[in-house]
Amino acid sequence: MWRRKSKVTLHVLQQRGREATTAPLAGQAEASPSCEATSDHARSASCSRRGFLGTLATTAAATTATTAAAAAGCGTIDWDQFFQKHYKEMTVEEKALVFERVARQTKANYGADVRVSDPAPIEGVGFAFCISLSVCNGNRACVHACVEENNQGRDPAIQYIKVVELDRGSLNLEGGDLYYEGEVPKKDKVYLPMQCNQCDNPPCVTACPVEATWKEPDGIVVIDYDWCIGCRYCMAACPYEARRFNYATPKLERFQINGNQGYLSNRIRPRGVVEKCHFCLHRTRNGAYPACLEACPTGARKFGDLNDPESEVAQIVRKKRVFVLKEELNTVPRIYYFFD
Amino acid sequence: MQRRQITTIGARGVVFLAAVGLTNCTAPPTANRSRAADELPAGRVAISGREGRIRQFPCEGCHDKVDADDMPVPDGPAKHQSIEIAHFSGARSCNICHDPTNRDRLRLLKGSTTSFDASHLQCGQCHGEKMRDWNIGAHGKHVGGWRGTKHRLTCVDCHNPHKPARATMQAEAPPAFPRFGIPKGAH
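Taken in order, these protein sequences are the chains called X and L.
With the numbering used here, letter number 36 in the first sequence gets 36, and the count goes up by one each step, no holes.
With the numbering used here, letter number 47 in the second sequence gets 47, and the count goes up by one each step, no holes.
No wet-lab data here; the hints were simulated from the structure.
Model, not experiment: these values are computed from the prediction.
Treat each hint with caution, since some may be false.
[Said to hold, decoys possible] 25 Å max Cα-Cα, derived PhoX-like pairs, lysine-lysine:
{"no.": "1", "chain 1": "L", "residue 1": "Lys130", "chain 2": "X", "residue 2": "Lys187"}
{"no.": "2", "chain 1": "X", "residue 1": "Lys251", "chain 2": "X", "residue 2": "Lys107"}
{"no.": "3", "chain 1": "X", "residue 1": "Lys319", "chain 2": "L", "residue 2": "Lys184"}
{"no.": "4", "chain 1": "X", "residue 1": "Lys107", "chain 2": "X", "residue 2": "Lys95"}
{"no.": "5", "chain 1": "L", "residue 1": "Lys163", "chain 2": "X", "residue 2": "Lys189"}
{"no.": "6", "chain 1": "L", "residue 1": "Lys141", "chain 2": "X", "residue 2": "Lys162"}
{"no.": "7", "chain 1": "X", "residue 1": "Lys187", "chain 2": "L", "residue 2": "Lys184"}
{"no.": "8", "chain 1": "X", "residue 1": "Lys215", "chain 2": "X", "residue 2": "Lys162"}
{"no.": "9", "chain 1": "X", "residue 1": "Lys85", "chain 2": "X", "residue 2": "Lys95"}
{"no.": "10", "chain 1": "X", "residue 1": "Lys189", "chain 2": "L", "residue 2": "Lys184"}
{"no.": "11", "chain 1": "L", "residue 1": "Lys184", "chain 2": "X", "residue 2": "Lys162"}
{"no.": "12", "chain 1": "L", "residue 1": "Lys163", "chain 2": "X", "residue 2": "Lys187"}
{"no.": "13", "chain 1": "L", "residue 1": "Lys130", "chain 2": "X", "residue 2": "Lys320"}
{"no.": "14", "chain 1": "L", "residue 1": "Lys141", "chain 2": "L", "residue 2": "Lys163"}
{"no.": "15", "chain 1": "L", "residue 1": "Lys141", "chain 2": "X", "residue 2": "Lys320"}
{"no.": "16", "chain 1": "X", "residue 1": "Lys319", "chain 2": "L", "residue 2": "Lys130"}
{"no.": "17", "chain 1": "L", "residue 1": "Lys79", "chain 2": "X", "residue 2": "Lys186"}
{"no.": "18", "chain 1": "X", "residue 1": "Lys326", "chain 2": "L", "residue 2": "Lys184"}
{"no.": "19", "chain 1": "X", "residue 1": "Lys189", "chain 2": "L", "residue 2": "Lys130"}
{"no.": "20", "chain 1": "L", "residue 1": "Lys163", "chain 2": "X", "residue 2": "Lys186"}
{"no.": "21", "chain 1": "L", "residue 1": "Lys141", "chain 2": "X", "residue 2": "Lys187"}
{"no.": "22", "chain 1": "L", "residue 1": "Lys130", "chain 2": "L", "residue 2": "Lys163"}
{"no.": "23", "chain 1": "L", "residue 1": "Lys184", "chain 2": "X", "residue 2": "Lys186"}
{"no.": "24", "chain 1": "X", "residue 1": "Lys186", "chain 2": "L", "residue 2": "Lys141"}
{"no.": "25", "chain 1": "L", "residue 1": "Lys141", "chain 2": "X", "residue 2": "Lys189"}
{"no.": "26", "chain 1": "X", "residue 1": "Lys162", "chain 2": "X", "residue 2": "Lys326"}
[Said to hold, decoys possible] Stretches of chain L that chain X covers, calculated by requiring three or more beta carbons in the stretch to come under 8 Å of a beta carbon on chain X:
{"no.": "27", "segment": "132 to 143"}
{"no.": "28", "segment": "148 to 156"}
{"no.": "29", "segment": "167 to 177"}
Using N, Cα and C, we set each Cβ at its ideal position, and we do this for glycine too.
Chain L with its partners taken away, still in its complex shape:
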C-alpha cells in the first residue's frame, strides 16, 4: 500500500517538474533592472552629495592643464602630498580609481565612469557585501528621521577613501563604580 502511494506521488512529481521546466524554457527573459535601481538603494532614500564638499572641485580646473599620469603611489603627486594611501595595497596608480581623461569622474571596473556623488558604486565593486548591507540600511549612519524620505550617508562620509580604516577613539566617562563593589580580578 505504502509502496504504491510513493510511486503515484513520484509520477505526479515527474509530470509537475516537466511542466515547470517547459514553462521556464518558453518564458521570456526577465527584464534588466533599471539603471536608477542600480544607483540608489530601494525605497525612498536620498544620499548625501560629495562634489559640493570637495575643496577645489571641479578637479578639471587644474587638471585640464596639468596632468601626471601613473604617478607612483609612495611618492605621490606633488600637489596632493597630504594624501596618505592605506587602501588596496596593490595599487600603483591613481588611475585605478580616478579617470585620467576627466578628473571630475571616477573610473569603474566595467569601463564606464561615475560621478563623485555616486562614489558608493565604485566602493561597491570590491566591497559588495558591505554594499548589500548599506542598500538595506544595515551599514552606515542614518541621519534625519525615520519617517518619509531616508537620508543616508555614503561610504566616503565616514571612511577616507584613501585610508578607509576607522581610527580608535577615546571612550567617554564610564558610570560611577558601585561604592561597595569589587573590581574585576580583585578577589
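Same shape as in the complex, but just chain X:
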C-alpha cells in the first residue's frame, strides 16, 4: 500500500513539474530565471530529485510552490535532470539528451571525457554465470578488475564482488571469512565469489517503492541511478547482500575513470543511490565478457547465453552438478556454482 501511494505521489509531482516548466525541458535550462548561476555551474552542480523531496518534506505545507521550494533548497538546479522522465518512458532522442548530460556532468565534476551509451538487450539472450569452486583460488583479481571497470568510488571503497573463504566441506556462508590475506589457496579452504545473482524472481525489484530498479529481458537487474531515492529497501530485501550504497560522492581520480560508460551500468553514481553488479552490461551486450571473467587468472568463471543450448553455461548447467545460493528462497539466481 505504501509503495503504491508513493508512486502516485511521484507521478503527480512530475505532472505538476512538467506543466509548470515546459521551457527548460526544451533545453533552455540556462535561461531559467530562478537559477541564477552561470550555465556551466548549473550543469555541473546538480540537484537530485532525492534532495528535492527532502526539501519538500520539510516544507510540506507549500507543496504547490514546487519551483520555489526547489530553488530555496538546492540553490542551483539541473532542470533537465530534475524533470527527467522514468527511463522506460523515454524516447530514443530523450535518452540521447540524457547521455549527453551525464557526459557533461562527468566532465565538469571529474574532468574526464566519457562516452555514455545504453546498449539494448539482445533478443532471445539470457545471461548467466557459472563459477567453478574447485578452480577459484580466492586471489581477488575479479574484485579489483570490477572496481576499475565500473568506476566504483575508491573512498569509501565500494566493491561488487565479495570472495568468501570457507572451510573445505562446508558451505556455511556465515562461517566464512571475507578479510583473508596472503598466499592463496590456503590448505583446506574453498573460495566462493559472491555478487549480484540477477535473480529471475528478484526481491529487490519488488521492494523498490519507485521502480528505480527492474529486470531487463536478458536477465540483468538494472538500476536507474537518477531515479533511485536512496531508501535502501532493496538492500534490506536482497538475500545475497549484493547491493551497495553510496554514502558519499564517489572519489575517483581522472586517470581511474573508465570512459566506456553505460547509463544503467558503470557511469559514475551520484551520492545517495544504490548500485550493484550488472554483469558489465555495457560490455556483454556488445559481445564481450565481463571484466571479472577477463581478469580471472584461474579460469573459474564462465559466462554466456543460457538460452543457447550450445553455450558453455547451458552445457555446464545441463551436464554438471550445479547449485545456486539460497535456493529455498525461490529467487531463481543466474549464477550457478559447481565443483569439478
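With chain X fixed as given, assemble chain L onto it according to the hints.
Just chain L, lined up with the frame of chain X:
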C-alpha cells in the same frame, strides 16, 4: 482384478522388449565419429596454437642431427636443463610423450602422433575427466567473447606440461574491515 491387469501389462511388456531387441539386432552399426569431432570440442570453437610460441620450434632443427634417446629424467638432457619434471612420477623417458623419430610431434598411447597445436589430445589420454569438462567449457579459461566463435585456451596455456600443478599466488587487498567490526575469534 488388479492381478489380471498386472498380467496384461507384463505380457505387453514382454512383446515390446522382444520387438526392441529385434530392432536393435537388425539395425546397422552406428557410424564412427568423425576425426574432426575428436580433435575439437563441439560447436564453434577455436583453440589457441602452440607451435608458433615455442622458442626454437621446429625441434627437428637440432634434433635431426642430435639425438638423445631415453635420457634418464633426473639428469635431464644437457640442452634442456631448465626443464623440471614434476608430472607423472613413473616417467623414465622423454619418449613417453615426445616422438623420438620426429621431435616436432607428440606421441599418443594408441601409437599415432599429434602436433603440438593439438596437445590437449595427449593430455586427455590420462585426464579424460578434465578433457570432458574442457570440451563443454567447464574447465579452462575463456577468452574473447561469449558470442560467435569461442576462443578456448588449451591445457598447456595454463599448465606447464612438465610441472602442471598450479602454484599458489598472493591474494589482492581485502576489503576494508568494518570500523566497529570484531575480527573472527576475538570475542
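Given the hint that Lys163(L) pairs with Lys189(X), test it: the Cα-Cα distance must not exceed 25 Å. Cα-Cα ~23 Å, so holds.
Within the assertion that chain X covers the segment 167 to 177 of chain L, do at least three residues meet a Cβ-to-Cβ distance smaller than 8 Å? Since three or more residues must qualify, the claim that chain X covers the segment 167 to 177 of chain L holds, with 10 doing so at under 8 Å.
Taking 25 Å as the top limit, are the C-alpha atoms of Lys130(L) and Lys320(X) close enough? Roughly 12 Å separates the two Cα atoms, so the pair holds.
Compare the distance between the alpha carbons of Lys326(X) and Lys184(L) with 25 Å, and conclude whether the hinted pair is satisfied. Answer holds: Lys326(X) to Lys184(L) is near 24 Å, not above 25 Å.
Sort out whether Lys130(L) lies within 25 Å of Lys319(X), counting only the CA atoms. Distance ~13 Å between Lys319(X) and Lys130(L) Cα, so the pair holds.
Starting from Lys141(L), check that the Cα of Lys187(X) is at most 25 Å away, please. 23 Å, holds
Measure nothing beyond the straight line between the CA atoms of Lys130(L) and Lys163(L); if it is 25 Å or shorter, mark the hint as holding. Judged against 25 Å, a Cα distance of about 17 Å means the pair holds.
Check the hint pairing Lys141(L) with Lys162(X) against an upper bound of 25 Å on the C-alpha distance. Holds. Lys141(L) to Lys162(X) sits at ~21 Å (cutoff 25 Å).
Check the hint pairing Lys319(X) with Lys184(L) against an upper bound of 25 Å on the C-alpha distance. Violated: Lys319(X) and Lys184(L) sit about 38 Å apart, past 25 Å.
Using a Cβ cutoff of 8 Å, are there at least 3 residues of the segment 148 to 156 of chain L near chain X, or does the coverage claim fail? Result for this restraint: holds, n = 3.
CA of Lys79(L) to CA of Lys186(X), is that 25 Å or under? Given pair Lys79(L), Lys186(X) is violated - Cα atoms ~36 Å apart, limit 25 Å.
Just to be careful, I want the Cα atoms of Lys162(X) and Lys326(X) compared with a cutoff of 25 Å; is the pair within it? Holds - the C-alpha atoms of Lys326(X) and Lys162(X) are around 16 Å apart, at most 25 Å.
Hint check: violations occur at hints 3 and 17; the rest are consistent with the structure.
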